[in-house]
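**Student:** Take the given structure of chain A and dock chain B to it, following the hints.
Chains A and B, in that order, give the protein sequences.
Numbering of the first sequence is given in our numbering, commencing with residue 8 and proceeding in unit increments.
Numbering of the second sequence is given in our numbering, commencing with residue 8 and proceeding in unit increments.
Calculated from the structure, these hints are not laboratory results.
Please note that the accuracy of each hint is not assured.
Pairs involving identical chains hold if they fit within one copy or between any two copies, as the list cannot separate such chains.
[Said to hold, decoys possible] Below, simulated SDA-like cross-link-like pairs (lysine to any residue); rule was C-alpha separation at most 20 Å, straight line: (1) K117 x I147; (2) K167 x Y108; (3) K159 x S130; (4) K139 x L163; (5) K117 x D50; (6) K80 x N40; (7) K117 x A47; (8) K80 x Y108; (9) K117 x R49; (10) K117 x L62; (11) K117 x V26; (12) K80 x S102; (13) K55 x N144; (14) K55 x R113; (15) K117 x I35; (16) K55 x I147; (17) K140 x V121.
There are 2 protein chains.
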Amino acid sequence: MESPIVLGEKEWLACCGSVRFAQEMASITPFSNYEEALDAARDIWFHKVDVNGWLEAFAAHPQIGESPSQTHKSPTSAQWSKGEQSTALATATDSTLQELYDWNVRYRQKFGFVFLIFASGRSTPEILAEMKKRYHNRPIVEFELAAQEQMKITELRLSKLFSANTKAAHTADM
Amino acid sequence: MESPIVLGEKEWLACCGSVRFAQEMASITPFSNYEEALDAARDIWFHKVDVNGWLEAFAAHPQIGESPSQTHKSPTSAQWSKGEQSTALATATDSTLQELYDWNVRYRQKFGFVFLIFASGRSTPEILAEMKKRYHNRPIVEFELAAQEQMKITELRLSKLFSANTKAAHTADM
Chain A
8 MESPIVLGEK
18 EWLACCGSVR
28 FAQEMASITP
38 FSNYEEALDA
48 ARDIWFHKVD
58 VNGWLEAFAA
68 HPQIGESPSQ
78 THKSPTSAQW
88 SKGEQSTALA
98 TATDSTLQEL
108 YDWNVRYRQK
118 FGFVFLIFAS
128 GRSTPEILAE
138 MKKRYHNRPI
148 VEFELAAQEQ
158 MKITELRLSK
168 LFSANTKAAH
178 TADM
Chain B
8 MESPIVLGEK
18 EWLACCGSVR
28 FAQEMASITP
38 FSNYEEALDA
48 ARDIWFHKVD
58 VNGWLEAFAA
68 HPQIGESPSQ
78 THKSPTSAQW
88 SKGEQSTALA
98 TATDSTLQEL
108 YDWNVRYRQK
118 FGFVFLIFAS
128 GRSTPEILAE
138 MKKRYHNRPI
148 VEFELAAQEQ
158 MKITELRLSK
168 LFSANTKAAH
178 TADM
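The following block holds chain A by itself, in its conformation from the complex (with noise of 0.2 Å):
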């Protein structure tokens, strides 16, 4: 039988930067599977973390094309940042890495807030277009896109998540 999972509010953060999702996700822990832990967290982050809470989410992301602070709040999650964005960085050039700069300072103008992607396996082209398609959005409409966009890399960094912390308990097991 498999053991169920522990994971404490650092971890939960790193999937998702808002507080009121890790304390969330933390009261109900433990999870028998991934899947259990994915339907809280759809739950969470679409019912019961307010918008603020989707801009402190958001915040905690890195601008797309860039790093992540050296002194970032979570260093899981910024190293996942890095493995998320390194189709789009091996595929960039150094001028579509200054229209992808320019881009991002447009868009934070007008939103308010960091241009959000679930930027794995897609390429820098393909960001950009997408980009200057949102940014014609309302600032309501693109919002709620972001949410969702939101939503997906944190079922990509639960899953990893899930996959490390199993491998570590058969490990355990043995």
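**Tutor:** Positioned in the frame of chain A, the structure of chain B alone reads:
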């Protein structure tokens, strides 16, 4: 011919407490009439003010059932707010006022901002029923609803502003 009405940032801020809203309105003033100002106000509020600006405007309102503080940033807004709540206050009892207070606390805990409603002509029992119904909304749904209520309040205040200034202009013409 009617003289165009020139209004400054302070007046627009009394209609809607988002600085971005007030600045944008002030930058395209004068308007020849109320309808022209209304079209601009709707466009700015729903397309240009970001989610932080929405939260800023919400924060400029007193809790429903309570008087605006004496130190309110905009005395005009505080005075209008009192008038808009006059039906609610006339139909309130000690117990419904207490209930309104308790629900305000619950609402703010869930959503992170004050309960906003276009209160003109609405009784306290009507407002309470609406608050209890809206409490079950997802945070993002309620956020957009609150922004629509804010727009209704802005529209009423704009009409007061225009009618006051039209009268003043006519008096000056005589």
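**Student:** Against the structure, test the hints numbered earlier, and report the numbers of the ones violated in rising order.
**Tutor:** Going through the list in order, the structure violates hints 2, 4, 6, 8 and 12 and respects the others.
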